[in-house]
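J.: If you read the protein sequences in the order shown, they are chains A and B.
Using this note's numbering, read the first sequence as starting at 1 and increasing by one per residue.
Using this note's numbering, read the second sequence as starting at 1 and increasing by one per residue.
Since the hints were derived computationally from the structure, they do not count as laboratory data.
Mixed in with the good hints, there may be bad ones.
[As the list claims (entries may be wrong)] Simulated crosslink set (SDA-like; lysine to any residue; CA at most 25 angstroms straight-line):
id : chain 1 : residue 1 : chain 2 : residue 2
1  : B       : Lys153    : B       : Val70
2  : B       : Lys163    : A       : Glu82
3  : B       : Lys163    : A       : Gly65
[What the hints assert, rightly or not] Pulled from the structure, derived: some chain B residues nowhere near chain A, Cβ distances all over 10 angstroms:
id : residue
4  : His61
5  : Gly100
6  : Thr179
Where a beta carbon is used, it is the ideal one built from N, C-alpha and C, also for glycine.
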Amino acid sequence: MKSASEIKSPALRLNGISHEYTVEQTGERLSALDGVSLDVAPGEIVSIVGPSGCGKSTLIRIAAGLITPTRGLTLIGGESPENARRFHPIGLAAQEPVLFPWLTVAENLAFPLGALERKDRGHIDQLVDFVYLRDYAQLYPHELSGGMRSRVALARALITEPSVLLLDEPFGALDELTSHTLCKELLRLWSGSSPATVLVTHSVTQAVFLAHRVIVLSKRPGRIIGEERTDFAAKRDDDLLSAPEFVAKVTQVRALLA
Amino acid sequence: MNQQLSKGSNARSLWPQGMNALKVTLGIVGLIGLCEMVVRLLAVPAYILPTPSAIASVLVHNSSYYLHHVGVTTIEAVVGLLGASVFGIIVAVCISLKTGSERLALPLLVAIQAVPIVALAPVMILWFGPGLASKAAMAGLLCFFPMALNTIKGLRAVPPGAKDLIVIYDIPRFAAFRTVALPYALPFVMAGLRISASMAMIGAIVAEYAGANGGLGYLIMQSTYRVDTPSVFAAIVMSAFASWLFYGIIVICEHTALGRFTRGQ
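Isolated chain A, as found in the complex (with noise of 0.2 angstroms):
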């Protein structure tokens, strides 16, 4: 049987993406990716693991736009992303979640919404229920716990139903257990529209828990060095997580960073 990305046209595709950067105090030039090409299916989760510095950040930047890359080709939906956002938002959620601290809940969930006049702002009372946020709505996010913080930052990512959704290390800045508890928020959230998703972690667990491939990078320059495919015939729950095929595919990963 073909997996979702060998049947369907890719909503993001990277191609052939390198990039080097000046380090500004020496000015030495410094390569942080070399030749990734990556395609992501409608519907398909990617997670991304690698050393510390290996280009993931700088590979979810370029994927949204952010870096143009200095060899390569991204496009989303067929499309430059700068194009593509116009027409196609994107979702991005980093580690730090940025709200808007004079912003309630609600009006940082509704930010996307107005600077995209969109008009069809009935689905914020929907997700922040959906969010379990509905108590929360008023607050501002300095009265938030940093889990609470994440969630709404990747609620946000979420409220536009984007195509593409980009996850830079989203839980990394919080405790295992709500880290977790994030992940399993993260797969009833993603399966309302179900976005092509890149999530990049540090954790593989977490990567193999959440993602249907998952793509191992090199030490700098980042190159793709292996690919796992995680296609469990268990539902991804807490019991997936002691399941015998869910540790050997931990161990598979593992073994290819190692």
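Using the hints, position chain B against chain A.
T.: This is chain B only, laid out in the frame that chain A set:
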């Protein structure tokens, strides 16, 4: 439930503030009492250092006279502060919008700020005459730099993640400025206003020293010529009260009208 919690936490947060205000008031009263005692015990002549009670007596007996002069200086300071705020914010916005201009403009602004601007007070009288304009110009000159520099700093305070959101959602430049950059800059602008509030009073009083027909600076100079030290101190006390009041109004505005922009930032 949340509202109850919120009311409860408000009451709790007001309690230490009230206690602090009480402690400060008691401290000031204690200091005044100590000063009165020391001056009396050492029998310091009134033309050197009058007792606080003598200063208070001057103020009570000539209250309307002093209030008139406080009004003159305050108007000069307010006009100067408003002018400097508008001009300083416009300059800061222009500098921030033009990419790369900060590198040129910032050192220039800092260098000009280092010039002892109060030395320009006589020049202001020459240029604008002895009336309101020269005093407001002097106050404005002192306020302009903190306002402009703080606003530039504020407009640069947009975190990288927020800049990413502006790009991701393709927000037009003016909308991004209005909805993201300006709110991030507001706490810095308010800090600039707080600094400028006392600077404006200083500017107006110094300009009055250089030549005026009214105001606290004029009063201080006139009383000094007559060696009427209690009146000099009475004018100084009134200028301090006017400065505190000015500062207090800005803080109250900040906490009420702009509270949501300054909370949590």
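J.: Against this structure, judge whether each hint is valid.
T.: How the hints compare with the structure:
1. Lys153(B) / Val70(B): Answer violated: Lys153(B) to Val70(B) is near 33 angstroms, above 25 angstroms.
2. Lys163(B) / Glu82(A): 15 angstroms, holds
3. Lys163(B) / Gly65(A): 13 angstroms, holds
4. His61: 49 angstroms, holds
5. Gly100: 16 angstroms, holds
6. Thr179: 7 angstroms, violated
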